[in-house]
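J.: Once you've looked at the hints, go ahead and assemble the two chains, each given alone in its own frame, into the complex.
Protein chains in written order, with my numbering: chain B, 1 to 348; chain X, 1 to 310.
The hints are simulated quantities; they were obtained by calculation from the structure and are not laboratory data.
Be careful, since some hints might not be right.
[Said to hold, decoys possible] Each pair of labels, with its calculated beta carbon distance range: (1) B/Glu18 to X/Val140: 33 to 39 Å; (2) B/Gln103 to X/Val57: 54 to 60 Å; (3) X/Leu133 to B/Arg144: 32 to 38 Å; (4) B/Glu18 to X/Leu169: 43 to 49 Å; (5) X/Leu133 to B/Lys22: 54 to 60 Å.
Remember, it's a predicted structure, so these values are computed and weren't measured experimentally.
Backbone N, C-alpha and C fix where the C-beta goes; we use that ideal spot for every residue, glycine too.
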Amino acid sequence: MTTTDTGTRRGKAAAGSEYHAKDGLLLEVEDLYVEFHTADGIARAINGVNFDLYEGQTLAILGESGSGKSVTAQAIMGILDVPPAVIPKGQIRYCGEDLLTMQAEKRRKTRGPEISMVFQDALSSLNPVFPVGWQIAEMFRVHRGMNRSDSLERAIKLMQRVQIPGAKERVKAYPHQFSGGMRQRIMIAMAIALDPAVLIADEPTTALDVTVQAQIMALLQELQEERQMGLILITHDLGVVADVADKIAVMYAGRIVERADVYDLYRQPAHPYTKGLLESIPRLDQKGQQLAAIGGLPPNLMRIPEGCAFNPRCKYAQDVCREDRPALRLVAPGRESACHFAEEVLNG
Amino acid sequence: MTEASTIAVSAEAGQPVGGQADEGRSLASDAWRQLKGNPIFWVSVSLITLFVVMALVPQLFTNVDPGAAVLKEARAEPGADAWFGRDIQGYDIYSRTVYGARASILVGVFSTLATVVIGLVMGVLAGYYGGFLDTLVSRVTDIFFAIPLLLGGILFMSTFPNDQNTPYLVVVGKVVLVLSVFGWPSIARLMRSSVLQVKPNDYVQAARALGASPWRIIRSHVMPNALAPVIVVSTINLGVFITAEATLSFLGIGLTPPAVSWGVAISDALVAVRTYPHILLFPSLFLSLAVLAFIMLGDAVRDAFDPKSR
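Next comes chain X alone, as it looks inside the complex (with noise of 0.2 Å):
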């Protein structure tokens, strides 16, 4: 979602109206002429505008309270009264799985805008600079690796739980916080060896000996052919921080009722798994819908960037 909200925005200033768009052409402008043409990317970034403006005002799409359970009607069938039917405690599932996706937004966002920023000042510094940096670097990404992003997640979110009381966007905070300190050093890693490639290369060495300093090698230079890998295993990232959340409230350590989040709905409906799946199948859906819109959106952009491609 950041991803294309910027890319839009950019290509949009680079691109001049009427017929001098010579003026304009840059990487930015290219890619997004790219994927003007490409219908996965239109897929993905209608699905995820979709579950954006879900997260940011459900109140568009129900007007149902998620909070309200109509006990006598618990698991009900999918009909006209409750879309996606009633989960055990009569809640409704569709008004339920509306407002379940700012949670999961929310913390895919902001971990993965986390885990970029962090991985790529580290892992360029690392590849760009090497020597004691480097070295530091990679030892400290060394000790991350060793735990493993779920287990931190639990050992995390265990030693400081939440209670009724913990205000939502704070229970939204420590997920977003436990997942970027230990998603940061995987983008790192990457971006140390996509640097490390791309530095050795004539174009760089060329660079330096036109005199451009070391802040615009690495802008113009480094950053634009290090950074594709980046983008995809990024974006591939959010669904991994929107299951991980999933998977965290699933336990019942990640959001808590009375939050309401897709994880926490998979995690009520498997009481019922085999007899009302019904319950499961609709977060679940939700669930596997914005990780592959984010996936799909990785992927059209990597294909973007890369001018060999086109």
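Okay, chain B solo, but in the shape it has when bound (with noise of 0.2 Å):
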């Protein structure tokens, strides 16, 4: 962020952070669960999710809701609510340090110049009561110890650089004044003022018009590629990441089901619920046909069904399916997928 770094992380983490990222591994979460505890019984929220990030890489976590997608997001964050949330199994490590072990207040102080967080909803997730530049500056106050008019100066810089127009003059706004697409660029001018190494995207373009989308998506991906951040884009809509992503993890029932870079997960997908989602995009020589859908619902978390949990609305679905999980396995040179009949969803 400043003149002075402008190198990788790894560069900068050696000037001042104490986390060193060794061979650019940001991130590693292994074997994580998560379940949330009500008066209802467990809902299983995530059940044994495995990925890496590396510097200068955006990974996207594709799912529909409920699939436990921003639950990895929160608890890769520690916002998590315990209770009702659990955590009983897992590992999540930081440039090689396990965060869900960490104490407390040391896990506090790697939010926001570690790793930090862009909310779906810019709306409301700006306080209402301050204005937006006091809002960026309190993160150079707080975490800085930087005074008022220097910490406001590097706020209207970063309103700059998120490209707000007359950010000298609107700093001073606050946020029921910005349109959605302005707030949301406010939202991410917070999540980066203290140079993050992990920025985690939680839906950040659901709540705006596709226009605004396609800006703040080219705005995250240039702000990735400046600062060479680990970026996890978290999302339910294939095309948002398409343009962005290097990898692309598939998530369903809380679970990864298929794991690929983009371009051949787009092409070939080796997972029976990513060829469904693929087949219900709508396309412009598909014009007079019925879209193609995946029948059914997703599953209810509290009642996960045994074997595969996609098998009630898979085509390919056999007895073996009903009986035995799949692991998430090598089906081709950089192509993983948890499913039986991985290679024939490949090749067909």
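T.: Below, the structure is given as structure tokens:
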């Protein structure tokens, strides 16, 4: 953010942060489980999620509502409400250190300068009673101990960086005086204020209209390349991720069911669920035809089906799918799928 | 009165002289800017200032001793000699009313301060941390809710009665104590519900995700957004406490003669209410004006602290 740090995260980390990414590996999520203990029973939101995130990499986590993608993000940030949420198992390592066992105060200090997050609905993610500039500047005052005028100056610079027109004049405006897209830019400015190594964007464009969506995605991508951040992009929108992400992990019922490079996955899905998703995108050349949809509903997280969670909705399902839960396995170079018939799906 | 002065002070501190007003633009200074243009605010503030000065230095308004009874002129109509007339004992009503402000203002302000401080702390703890703490605070407030404010006051004051020799401040202190003890649960409840409403908001989550400490989240995200109803209710409560003091005094168990208070004066006036209504009129008028002033202030302050109403 300052003019001096131009190198990679490791270069910068050596100068300031106590965390050092070995070989660019920022974040490792290993065998993560999250449950919600409610009056009606235990909802198993995440059931063994694994992934790594490297510097400069954009990982998209794709899935429909209730697939566990947002919970994954909240677990990484450590903002799940415990209880009702319980993390019975798993590790989330940031630069080799497990965040889940880290002391609360130390972990809190990683939020902002190390790992940061952009929320879905910028409309409600900004405090309505304070001017936006004050809120951005708060990041510098709290974490960097800057005084009022310096921090406000930095806030103006950041607002200019996220392309808010007339930043100098608008620094004193309140959130409700901005449009949705501008508010999301302000949210992004706050999230990147302390130059985090990892940025999690939880459906950053859902509340915005399509033209603004594209601008926000372009901005995120630009910032990510500029700062070599590791970016986790959580979305249910296949179109949003196509241009931005390097890797895609598709989640279903709290598990990653397929993981691949963006290009491969779009060209040739290796899991029936991904295939179904891709087929359900309306295309111009299908004009007049019925739009394909995945039949049935996502499973109730309190009663995830035996075997493969997707089996009741899957047209490939055999007896084996109802008994044996397939693990995520390598089915082709760079392609992982959690399906007994992954090869068939991939080739057919 | 307290609210007004704190706002004024913080606004002045946050408002630099000259053209660099953008530096100190805080919630308080914005609220101040809004308040400045509100006539209701100025009316209420002038009334409150008047009553506060009356409470602090009644000698400024009158040099008649409120304890001096001129029996032969008892029940005199308002006139040049005694502006508001004289009561049954021949006391100068104007002087009694001026001196009576002290008890009402003391009781109102200190009861409000105490209830707000206790109520805010309890409400924030219960609402923000939840769990066992919440249950504890909620049940305790339930217990207090079972006893109406006035009944509690009557019970307490008649268990620990005053006599002629009880010092003035002890009498006032007792009334403040009982009103605060029975008054804080409503503020705590209000604050708790308000905090519960604010807490799940994305901006509180966002603040957590951006590394804010619990204390900072409470201070700059939860409190400013949850405070508005408490400000309004506590300014209204201030009026209620003044009335409660007057009621207790009226019943003869709050402030008792020789202490002077509006409640005592109203109580004394009742025997002659049909024949000499002016004896009742003036203390009642002042009481109503004081209560009205605080309620108007509460309204103006609430409007000013809500950015969406600007």
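J.: When the structure is checked against the list of hints, which entries are broken? Sort them ascending.
T.: Hint check: 1, 4, 5 fail, others pass.
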